[in-house]
Amino acid sequence: MKNNIIPAIRLTLVCLVFFCGIYTLTVYGISKLAPEDSSFKKSESGFYENVGQSFTSDKYFHSRPSAVGYNAAGSGGSNKGPSNPDYLAEVQARIDTFLVHNPDIKKDEIPSDLVTASGSGIDPHISVQAAKVQVKRIAKVRNISETTIHQIIEQQSEKSLLGLFGTEKINVLKLNLKLDQLTTTLKQ
Amino acid sequence: MNTEILGIILMYATVVVLAIPLGRYIGKIFNYENTWLDKIFNPLDKLFFKLSGIDPTKEMNWKQHLVALLTINVVWFVLSMLVLTNMSWLPLNPDANPSMSADLAFNTSVSFVTNTNLQHYSGETGLSYLGQLILMLWQFISAGTGIAICAVVFMAMKERTSETLGNFYSFFVRACTRILLPLALVVASLLVFNGTPMTFEGKDTITTLEGEEQQISRGSVAAFVAIKQLGTNGGGFYGPNSANPMENPSYFTNIVETISIFLIPMAMVFAMGYVLKRRKLAWTIFGVMTIGFLLLLIPSIYFEMNGNTAITQMGIQQQLGSMEGKEVRFGSAASAYWAINTTCTSNGSVNAMHDSMTPLTGMFTLLGMMINCFYGGVGVGFLNFYIFIILAVFISGLMVGRTPEFLGKKIEAKEMKIAMIIALLHPLLILVGTALSSFLYAGNPTEYAGWLANPGYHGFSEMLYEFTSSSANNGSGFEGLGDNTPFWNIACGLVMLLARYLPIIGPVAIAGILASKKYIPESNGTLKTDTATFGLMVFAVIAIVAALAFFPALTLGPIAEYFSLK
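Protein chains in written order, with the UniProt record's numbering: chain A, 1 to 188; chain B, 1 to 566.
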């Protein structure tokens, strides 16, 4: 044991300098080479597009329920189990609220992502179906035709990777920015 | 075909295709053969040894290896305690986060030094950037420890009689610099090019489109995430780990991160085949592991894609599957795939909240950790499998009436005793811990009301999961558990310590003892260990041990919950 302590401490210090210092700085350096639009930066609109925002007003597409109120400095999920009665009551309440805000929609048209909280609490996306069921409400509030809004959804939906792998989805922030842009141009 | 399923096939196929050449590369490193990266790494390793005053050519026997390993791990633990309890005033703390309490620092230090990465804190509020950096150091070198000690066992399995098994420090440094470092650089680069933050600035504050203030935690995320995925560490930069859209921004990064979980554990099997020149044995072991993995994976994907039956009964579509605790960009299938990957390998990172998964998926994640050797943690997963091989050799030997032999070495009473103790240690730690916590909770539900986020069977599963995760050195959690209390911090800390070091000491002792025995060349009378029959035998031993030990506990938790939802 004794013969090992000093080399162990010295080796630890060398590793400390190398892995905490040199490795981290190398990755930092590489991150500087990343092109603007693919690294973690504010977009032109002044927002972080990767980080979900809370949307609850009727004129915007709503984002998913969040267990942490879209706090990006304390993200997290609900951690509610599938059989928890309080949780199931909460889901029922979300369904009822949704139906109040979207009276033209039938219950079996609501996709599950709109009534369940995400894992991070800051999920930036919703499913395409989740956007489509909100079209009627937004068309009414904003006084734009449903077809136009469907076009925006079509435009903004992110296909699965190479069209082959994974889910299809829509970034809610980008979608709502487009919506605002459209309303401004229509007014002019 | 469904694009979610295609994504999973892509991820599995890619990892196998990458693991085979990587295994050969790792094998070369431990055989001290030349590789094309030598030009960079020979001088670097020399520098490491010069600065540390270590002679990397000094041969060690198995006991010296263990002493070297344990000593350096004690040093890491002490340093970790010092940093975590003093973060608040040390540099690199732009968000002014506090230091940890002693019991939380104990839990966290043990957790990261033992390659577990169980987190009873949340990264955004519980650590300074210095804290994150020091934990990242453990992620590198605790993984290096696992790979190095696995290399020692490979050396011991060679066809020869030998007391000495190479030099621990040499294996350790080679594992860190030649395996973990280049892979981490590749993965970190892919991440920073796809939207993962890498900065030393503190939180940013923005006003959302609806006019509310939103704070956004940043940090040196990419560097951290790369090694936490590769080294079967799993401790996230942010609280919800790779579910967080900064830690894992897109389906592409999710592929990269998922592949990183399995890559080295799988490659270690092929590395063994290369070092021992027994490729057929490697493929047999790989086959057993793969069958076990698929048996856990396929039903999990099925249940997650079908969704929560209780929500179906409310009249909601479940085409997306069970979405509570999941992210839309990954979908339910890729989340279930990650969940089984991370629990089979002792990684413990998550991209969806395991607590909210459907009951039987919860059970399969638990089983992955209870078995803990379908690929398993870097290095140590193979050691766990080695124990089951020894058991299977012994049982087969008894069945056919021959002296049990493995790779030309007789297995006798002493080795069998060690193997049995190690095989039973894991159930013991899990079941005693769960029994104790259940007893405390049942005796005084009001005092411990903060523990469980969910009532009934699921609450029991939360406690069972926490001890299983600790004992498997996994680190994922049913995170509804209110676990930052002295009881959970200390109990899980002790379980992690025992469950890390005893299952390293046991197999190394067995391998060391076997290595010093006389080598008996294979003959017609030798039990062949590289056949499908023997593979089946090993699988049966694993399944029987797991079933006998864990079925009652699983019945009380996930299975009961499943039937209550019907």
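Careful, some of the hints might be misleading.
If the Cβ cut is set under 10 Å, some of the chain A residues that face chain B in the computed set are [as the list claims (entries may be wrong)]:
#1 I9
#2 T12
#3 Y23
#4 V141
#5 I144
#6 S145
#7 I153
#8 G163
Covered stretches of chain B (chain A as the covering partner; in silico rule of three or more C-beta atoms under 8 Å from a C-beta of chain A) [as the list claims (entries may be wrong)]:
#9 376-382
#10 392-399
#11 469-480
#12 519-532
Quick list of in silico lysine to aspartate or glutamate cross-link-like pairs, EDC-like style, CA-CA up to 16 Å [unchecked claim]:
#13 K42(A) to E201(B)
#14 K32(A) to E405(B)
#15 K132(A) to D58(A)
The hints are simulated quantities; they were obtained by calculation from the structure and are not laboratory data. Source: prediction; values computed, not measured. Glycine included, each C-beta is placed from N, C-alpha and C at the ideal position.
> For this structure, which hints from the list above don't hold up?
Replying inline: Result: hints 4, 5, 6, 7, 9, 10, 12, 14 break, sorted rising.
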